[in-house]
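Participant: So you can see what is in the structure, the chains are spelled out below.
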Amino acid sequence: MTNLLEVRQATKRFGTFTALEDVSIQVPKGSIFGLLGPNGAGKTTLIRIINQITLPDEGSVYLDNELLNPKHIRDIGYLPEERGLYKSMKVGEQALYLAQLKGLSKTEAKERLKFWFDKFEITHWWNKKIQELSKGMAQKVQFIVTILHRPKLLIFDEPFSGFDPINANVIKDEILQLRDEGATVIFSTHRMESVEELCDHIALINKSKKILEGEVTEIKRMYKSNTFEVGLLTDDHDTIYRSLKEKFIVTPADFKVIDDQLKMKITLDDNASSNELLQYLSGRGQVMRFNEVIPGVNEIFIKTITENE
Amino acid sequence: MSNLKLIIKREFIARVRNKTFVVMTFLSPLIVVGMISLIAWLTTLNNDEIHKVAFLDETGLFTSDFKDSDKVDYIDYSALPLNDAKDSVVIKQLNGLLYIPKKNTNRELATAIQFYADESPNISALNKIEKIIGDKLTNQNFTEKGLDLSMIENAKAKVNIQIENFSGEKTSKMSSYVKMVFGGAAGYFLMMFIIIYGNMVMRSVIEEKSNRIIEIIISSVKPLQLMMGKILGTSFAGILQFLVWVILGGVLLTIATSIFGIDPQPVGMDQSLALQEGNHEEIQLLLQDIMKLPLGTLIFSFFIYFIGGYFLYSSIYAAIGAAVDSETDSQQFMLPIILPLMLGIYVGFFSVIENPHGTVSMVFSMIPLTSPIVMLMRIPFGVPWWEVLISILLLIGSIIFIIWLAGKIYRVGILMYGKKPSYKELFKWIKY
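Protein chains in written order, with this note's numbering: chain A, 767 to 1075; chain B, 9 to 440.
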């Protein structure tokens, strides 16, 4: 798979403070790329470098194998975390203005805006001022403006903040559809459940350094520990638990059941097979639950960050 | 359409559509003309009041000299004793009592005259009385010494120095005033424009920051482009507003003048001096002088300094707007703007008028922050072309430097929130 965006060893300092140190990322074409990291890690600085708002002190950025240059501004759609609109300007005029700044002609911008306003059922807002709209409503307008010029690369910084669950879902579906239509998405957020849901690649930045990057499935494979969650129906919990503990690494587990099961997590050696465990278990009771524990992005996030402290 | 044009257009429309802007555009001329009319009207009201002054002349010398004028009515109380006269004045609510006692010599008399009044008397009425008595006594002194009054009158010499330059062109004595008025008006106009519309630029920057739209915008355009668009858009709105003010103000003033039949122009020194002599030649020379002003140079340099000065200051305003989060925080940075502007105006009105080519005037017309104002005031007095050239070159150089500097602060500042910037902080931003 080719990369749409490559950041090569970018470093950015503000005075004595290093916001970004030697960070490289590769964003494959057509992927949804999660840019993760705690507050103040340097995500926004990296995004601003990609948007050519700030220039890196060292390193370079390539978009579509071309060194980033001003004409690329039109290939990128950016929804910043700190976002707003002119309060006293009408919604329609404002959207037109922002679309024209991205290089669309007035007529083209109007046409596309009409399509999106109809799709989101907000056509009647056209002549309203932003100050008359709620925050969520204004966010919809911002979303439309971000994607209107059909950029190759979309950058969303906390796109769901301010949306109710229904509208967040609408936006999520739109993002997925844009990806299906060929756009590449960089997605910066703290909400791990949406990362889990949307992203196929992630990079983790902490204290201005990248500490993890790759395909989500690959990373999960790396972080899984051959652990299984087991629910077993037996007559004698205690005896079986003790005998299992002699053979495997067993920790208590908690999940919801409707009958009296023995609940535990069993970790096998790296090269041990799950079939052996299953066989062993089936001889000692009725196996009600048997599934591999795959670490969530959230756990990986916390684990990597704390390991790096 | 290029992005710069788009930004200029948006800024212009945003300014012009702003309710406060619209109200100020149409209300200001009304208020100003209204004030002028009111003041003029009040002045005429006050002037219509006739002072009633009683006089008790024990010498009997002046009775015939106190003639009623349109300002003062004189009432002769010479027949009454002083105390009765005083009482009578109080009862009849007259404005005062002039008491001229009998004295042996005119010298004694001159200092013995008294004016009784509860309220302090009208100065112009008192001056008039003093003049009447003074003239009378002077003439009397002349006659006593055996001098013929008509001879004295004939002997008075009226001097009127004709001013001519070495190439033989006559100029009016008023020409300095004319030049001062032209230069002063231009300089003052520039200062007002900078303060009003520079502030508008600053507010517009702060608005974008506090609306949080700034990051969306600068992901599409360069910060410097945005800043220049703002400055230009606002200045077009400003020029429009000024045009409306001038036209509307002119029309209103004409209407007010014709309706109330008053002359709103306070009679300036130049007019009165020129007119009281009834000297037609003088007026003609004055007109000639106005025509002879280097109008071409004046207009050309006005545009250069106007544009230059405005750009210089409004980029500083833009940088300040970017550095702060709200307008209240901007106060601490206002001094570096207001100080040179004030300095320019003061140097202009004191040094330039006193000595347009003195060292102070010359130096301040070179320093870029004051040069637009000071040089504009100097130019009507005739400035060597090379001085203007140096001053303009210095101005252009510093505009480029200041815009670059302001752009640096601007591009860092617009993305900074919640930091109260100090000068030290701003200096750091320049190096980012």
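What the hints contain is simulated information worked out from the structure, not anything from laboratory work.
Heads up, some of the hints might be wrong.
[Unchecked claim] To list a few chain A residues with every Cβ distance to chain B over 12 Å, as calculated:
| # | residue |
| --- | --- |
| 1 | Lys795 |
| 2 | Thr820 |
| 3 | Lys872 |
| 4 | Phe994 |
| 5 | Asp1026 |
[Stated by the list, open to error] The following label-pair restraints were derived from C-beta to C-beta distances:
| # | chain 1 | residue 1 | chain 2 | residue 2 | range |
| --- | --- | --- | --- | --- | --- |
| 6 | A | Pro794 | B | Met200 | 29 to 35 Å |
| 7 | A | Gly806 | B | Gly405 | 39 to 45 Å |
| 8 | A | Glu981 | B | Gly405 | 38 to 44 Å |
| 9 | B | Leu248 | A | Glu947 | 56 to 62 Å |
Predicted model only: the values in this text are computed from it and were never measured.
Glycine is no exception: its CB is placed at the ideal position from the N, C-alpha and C atoms.
Participant: All hints, please: hold or fail.
Facilitator: Results for each hint:
For A/Lys795, the condition that its CB be more than 12 Å from all CB atoms of chain B holds, with the nearest at approximately 21 Å. A cut-off of 12 Å between C-beta atoms contradicts the statement that A/Thr820 is not in contact with chain B; the least separation is 8 Å. With a least beta-carbon separation of about 8 Å from chain B, A/Lys872 fails to lie farther than 12 Å from that chain, contradicting its non-interface assignment. Even its closest Cβ contact with chain B, about 47 Å, leaves A/Phe994 beyond 12 Å, as expected for a residue assigned away from the interface.
With a cut of 12 Å on Cβ distances, A/Asp1026 stays outside the contact zone with chain B, its closest approach being about 56 Å. Under the hint 29 to 35 Å, the C-beta atoms of A/Pro794 and B/Met200, about 59 Å apart, miss the expected range. Checking the proposed 39 to 45 Å range against A/Gly806 and B/Gly405 shows it holds: the Cβ atoms sit about 41 Å from each other. Checked against the hint of 38 to 44 Å, the pair A/Glu981 and B/Gly405 fails, with Cβ atoms roughly 56 Å apart.
For the pair B/Leu248 and A/Glu947, the supplied restraint of 56 to 62 Å is violated, since their beta-carbon distance comes to about 45 Å.
When each numbered hint is compared with the structure, violations occur for hints 2, 3, 6, 8, 9.
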